[in-house]
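**Q** Residue-level listing of the chains:
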Amino acid sequence: EDQVTQSPEALRLQEGESSSLNCSYTVSGLRGLFWYRQDPGKGPEFLFTLYSAGEEKEKERLKATLTKKESFLHITAPKPEDSATYLCAVGANQAGTALIFGKGTTLSVSS
Amino acid sequence: NAGVTQTPKFRVLKTGQSMTLLCAQDMNHEYMYWYRQDPGMGLRLIHYSVGEGTTAKGEVPDGYNVSRLKKQNFLLGLESAAPSQTSVYFCATRTSGRGEQYFGPGTRLTVT
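Listed in order, the protein sequences are those of chains F and P.
For the first sequence, the numbering used here assigns the number 1 to the initial residue and increments by one for each residue that follows.
For the second sequence, the numbering used here assigns the number 1 to the initial residue and increments by one for each residue that follows.
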């Protein structure tokens, strides 16, 4: 069964304190690993897609990496505006390539 | 460019009432999806469509029906609402080539 597990569930950081979010997955035929950001009361906002082990993508203070079993979202010197829930998802090899989501990591960054 | 829009934004229903949620997109995307998001459960796929006139069941389809009569619209219907359908509903779209999906702002539905 395809599955995505994110850890930790919640993370509190001080402004400037770098850290990483983990996404481990089991899927029969990976069709992309996706990271989204979700603010309260809003829809998920696309951040990155990774397709093969070793691939890395960066955007501002965020960097996503991928191995054969997990992905990391590294946050360097975070700011309060980075506070949000970060969702990880894998593309399923069925159902019109629907996304299978983890439960998310809620990040809070205080100044 | 509005992207993906959803109507209504909020709705309260009584048990047994029916309603239709509308998703509209102006990106000319082939694929459209309906998800529900519940606390502690993550996003789960209800139904999806790979093109105009086609629909298929996802992970949690019971109690819902869908239609895709026009490429730009994907409707989600609840024939007889139940309290278990209290949730936030998201529509998403993607092109046939790239994998990422683009989400609408959501509809918050409460069934009493």
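If you are wondering where the hints come from, they were derived from the structure by calculation, not from laboratory data.
All values derive from a computational prediction rather than experimental measurement.
In this text, a Cβ means the ideal position worked out from N, Cα and C, and glycines have one as well.
Where hints are given, some of them may not hold.
As the list claims (entries may be wrong) - Chain P side only, calculated, beta carbon under 8 Å to chain F, not exhaustive:
hint, residue
1, L45
2, Y64
3, E79
4, P83
5, F90
6, G97
7, Q101
**Q** All hints are to be evaluated individually against the structure, with a verdict given for each.
**A** Quick rundown of the hints versus the structure:
Contact between L45/P and chain F, as hinted, is supported at the beta carbon level, the nearest pair being about 5 Å apart and thus within 8 Å. With 8 Å as the threshold, the beta carbon of Y64/P stays out of range of chain F, its nearest partner Cβ sitting at about 15 Å, so the hint is violated. Annotation: E79/P was flagged as interfacial toward chain F, and the flag is violated, the nearest CB pair being 23 Å apart, outside 8 Å. Look at P83/P: its Cβ only gets to about 22 Å from chain F, farther than 8 Å, so that hint breaks.
Of the supplied interface hints, the one on F90/P holds, with its beta-carbon coming within about 6 Å of a beta-carbon of chain F, less than 8 Å. Interface restraint check for G97/P: the shortest CB-CB distance to chain F comes to about 11 Å, outside 8 Å, so the restraint is violated. Nearest Cβ of chain F to the Cβ of Q101/P: about 6 Å, under the 8 Å cut. The hint holds.
Checked against the numbered hints above, the structure violates hints 2, 3, 4, 6; every other hint is satisfied.
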